[in-house]
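A.B. asks: Sequences listed follow chains B and G, in order.
Numbering-wise, numbering that gives the first Met the number 0 puts 12 at position 13 of the first sequence, and it's gapless, one number per residue.
Numbering-wise, numbering that gives the first Met the number 0 puts 72 at position 73 of the second sequence, and it's gapless, one number per residue.
It should be emphasised that the hints constitute simulated quantities derived from the structure, not laboratory data.
Think of the CB as a built atom: it goes at the ideal place given N, C-alpha and C, for glycine as much as any other residue.
Honestly, I wouldn't trust all of these hints.
Counterexamples of contact, computed for chain B against chain G with all Cβ distances above 12 Å [stated by the list, open to error]:
#1 Asp47
#2 Pro51
#3 Thr61
Among the chain B residues that face chain G by a calculated CB cut under 10 Å, a handful are [to be verified]:
#4 Pro15
#5 Ser23
#6 Asp32
#7 Val35
#8 Ala57
#9 Leu101
#10 Gly123
#11 Ala124
#12 Leu154
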Amino acid sequence: MTIDASMRDALLGAVPSLRAFAISLSGNVDRADDLVQETLVRALSHIDSFQPGTNLNAWLFTILRNLFHSEYRKRRREVEDADGVYAARLSTQPEQGARLDLEDFKTALARLPPDQREVLLLVGASGFSYEEAAEICQCAVGTIKSRVNRARTRLAQLLAVESVDDLGPDDQTRAALQATG
Amino acid sequence: MAQKRAREVAEDVVPGHVPPAPPRLDRNAQARLGEQLRAMYDDLLQQPIPDRFIDLLKDLDDIEKGKSTGKGTTG
Numbered sequence: 000m001t002i003d004a005s006m007r008d009a010l011l012g013a014v015p016s017l018r019a020f021a022i023s024l025s026g027n028v029d030r031a032d033d034l035v036q037e038t039l040v041r042a043l044s045h046i047d048s049f050q051p052g053t054n055l056n057a058w059l060f061t062i063l064r065n066l067f068h069s070e071y072r073k074r075r076r077e078v079e080d081a082d083g084v085y086a087a088r089l090s091t092q093p094e095q096g097a098r099l100d101l102e103d104f105k106t107a108l109a110r111l112p113p114d115q116r117e118v119l120l121l122v123g124a125s126g127f128s129y130e131e132a133a134e135i136c137q138c139a140v141g142t143i144k145s146r147v148n149r150a151r152t153r154l155a156q157l158l159a160v161e162s163v164d165d166l167g168p169d170d171q172t173r174a175a176l177q178a179t180g
Numbered sequence: 000m001a002q003k004r005a006r007e008v009a010e011d012v013v014p015g016h017v018p019p020a021p022p023r024l025d026r027n028a029q030a031r032l033g034e035q036l037r038a039m040y041d042d043l044l045q046q047p048i049p050d051r052f053i054d055l056l057k058d059l060d061d062i063e064k065g066k067s068t069g070k071g072t073t074g
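Using the sequences and the hints given, assemble the complete structure.
C.D. replies: Right, here's the structure in full:
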């Protein structure tokens with residue numbers, strides 16, 4: 000399979016999602032962009048192993064995730080992750096009053112165990128189904144579901160989210176967070 | 000670590016196994032977390048694509064064009 004204009008456009012079109020995932024995963028924009036770059040290079044050089052008609056984004060996310068984890072394991076041996084370093088990186092963007100909630104959220108997200116953070120990003124934010132997330136993470140669907148559950152509960156603990164009765168149920172957003180697809 | 004793996008395997012493999020799951024969040028709490036997660040993500044999605052990626056794929060395009068010209072396809 001050659002890389003025609005439509006494939007090139009599809010790859011370019013996937014960049015914003017890949018970056019959002021990589022930035023949220025690594026907490027570092029420069030590192031995230033390196034990950035995206037390496038993902039595109041690998042994808043281009045292994046384009047023959049992509050099966051046309053299957054989900055290109057899922058394929059690209061799988062590559063990016065694998066790169067992230069192999070790099071993470073390497074770094075981990077070099078430097079022990081100091082608690083809060085990731086959170087600090089994520090919070091370096093300028094704060095505005097209205098963004099405070101979001102900053103709290105980013106900090107809490109950063110404190111999730113990596114396996115929980117990544118499934119929440121895949122299912123709750125990137126719009127992948129549990130099945131696609133399982134494929135990307137190369138694990139069972141049940142594992143994804145339980146990680147998502149743990150991630151949500153842990154986040155709620157970190158943010159001390161309480162039930163607010165007067166908000167009323169919002170099935171649409173609830174469904175989106177649960178994101179069965 | 001090994002313990003954690005064993006637990007996850009049990010969740011996946013054993014039929015009817017109920018994981019020592021955290022209590023379910025009520026729907027409002029879930030909705031609020033979902034909103035915040037997507038708000039954070041939308042900010043990131045709306046960032047412009049850095050030039051390095053556009054250049055990377057553009058270079059490729061040029062190479063492909065060069066190749067097909069080189070082949071001298073008749074049409």
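A.B. asks: Could you run down the list of hints and mark each one as holding or not?
C.D. replies: Hint check:
1. Asp47: holds, 15 Å
2. Pro51: Fine: 17 Å to the nearest Cβ keeps B:Pro51 off the interface.
3. Thr61: holds, 19 Å
4. Pro15: holds, 5 Å
5. Ser23: With a closest approach of 7 Å, the B:Ser23 hint holds.
6. Asp32: Interface hint status for B:Asp32: holds (6 Å vs cutoff 10 Å).
7. Val35: With a minimum Cβ separation of about 7 Å from chain G (threshold 10 Å), the hint on B:Val35 holds.
8. Ala57: violated, 17 Å
9. Leu101: Holds, about 6 Å.
10. Gly123: holds, 5 Å
11. Ala124: holds, 4 Å
12. Leu154: Because about 6 Å separates B:Leu154 from the closest Cβ in chain G, which is inside the 10 Å limit, the hint holds.
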